[in-house]
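In the order they appear, the protein sequences are chains A and B.
Each residue of the first sequence is one higher than the one before, counting from 1 in my numbering.
Each residue of the second sequence is one higher than the one before, counting from 1 in my numbering.
In short, the hints are calculated from the structure, not lab data.
Any given hint could be a false lead.
[Claimed, not checked] Using 35 Å as the maximum straight-line C-alpha spacing, the simulated DSBU-like pairs for lysine-lysine come out as follows:
(1) B:Lys36 <-> A:Lys54
(2) A:Lys27 <-> B:Lys26
(3) B:Lys26 <-> B:Lys36
(4) A:Lys54 <-> B:Lys26
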Amino acid sequence: MSALAYYLEDEGLPTVAISLIRVQTEKVGNPRSLWVPFELGRPLGPPNDAAFQKQVIASALGLLNQAPGPVLLEDYPRDDPTSAGIEGWRPPFDLAAGDIDLANHAELQSALADEWRAVAPSYARFIAANRRTTFGISGLDIEACGAYLAAYLAVEAPTNPIPAVSPAQAVRWAADDVKAYYLEAMAAGPGIPSSRQVQEWFWDRTLAARTIIALRKRLMASEDARTQALGRMSLVPGVQALRLGLT
Amino acid sequence: MVRLTDLPPATQTGMRNLDCPSFERKPFVSGPALEKRRVAVVTSAGLVTRGERPFVSSDTDYRVLPANTPADRLLMTHVSVNFDRTGFQRDVNVVYPLDRLREMAADGAIGSVADTHYSFMGASDPRGMEANARSVAGRLKADRVDGVLLTPV
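With these hints in hand, go ahead and build the complete structure from the sequences.
Rendered as structure tokens:
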């Protein structure tokens, strides 16, 4: 981000970059940056808090009118007020506990479909409330995502539903959509849970997450280096892999 | 919460020691008062318009985001899984704050909002993005932009 700002400024455009990783901004030394204490992925802070977001933007853009640098790097003083989450939070749906054999294709596909059905009403409420979804990277519907992920675990060479990319990349995008579907459904209830709360619930409690973790292991066992890398880095967040003791 | 300090030690070390470009020349462009500036967003969040090719690893190109693109057409396709996406899922402005900029323009805090905005995918080596960034600069100048807000994830 900082280097992009530099290139734009070098072309004659006044820039200000929000920084989430201060040490990287310090290294690049682009003209103007506002470091914010928010978590990665939230450069403007809390969702649906227009006043807070505008204060962050005003602080950042305010650097445009400060005296010449050559480098201005300021720290934003306020943290995201929603970062602590909600005590006792739980998602607005229940999932059946079950000991599913992930190697049994038919059993896994059926159990995943049961799980989607339990999650679906909350997902629909999320869309109705927000008038948007981030589901859709794969171009598949949720059933097709689940079918492909289950097949990849159980079938030697399942048909790739996204022929334009490698089978492993298709796994990545199908997994992305599954995660979006669940995380949005989990956000359909009142209040704003922390990202840690929703992530830990997803990775600890859902069959979808168990499936994705098994796919991580499957991809990492590949002889193809790109497939290995997709498995290691692109399915399970590092903080969750560490917490769950995944190797 | 996923702050830098929450990440696995190896990931933290990788981010801290990332080989970032540094520059001897220090451009610093002035401009009019903020109330008169035309502001654009350039993000490294890997945003695409629904139906466009998602970003993949090592991509250094960019996507054009017309300001009138409805929020429900935007997808985040950054390759990293090591940052929060739930904020963006709830509110696009967490990453791409066009609604906030429009409100600030209406309030007179900034002059106007650009017609077009841009997205890169920040996990790639920024040195590979230089030519594309300079191309974006030309487009921004053609749109009379004189204030660029850059947002990472």
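Against the structure, the hints:
1. B:Lys36 <-> A:Lys54: 17 Å, holds
2. A:Lys27 <-> B:Lys26: 13 Å, holds
3. B:Lys26 <-> B:Lys36: Holds, at roughly 25 Å.
4. A:Lys54 <-> B:Lys26: 29 Å, holds
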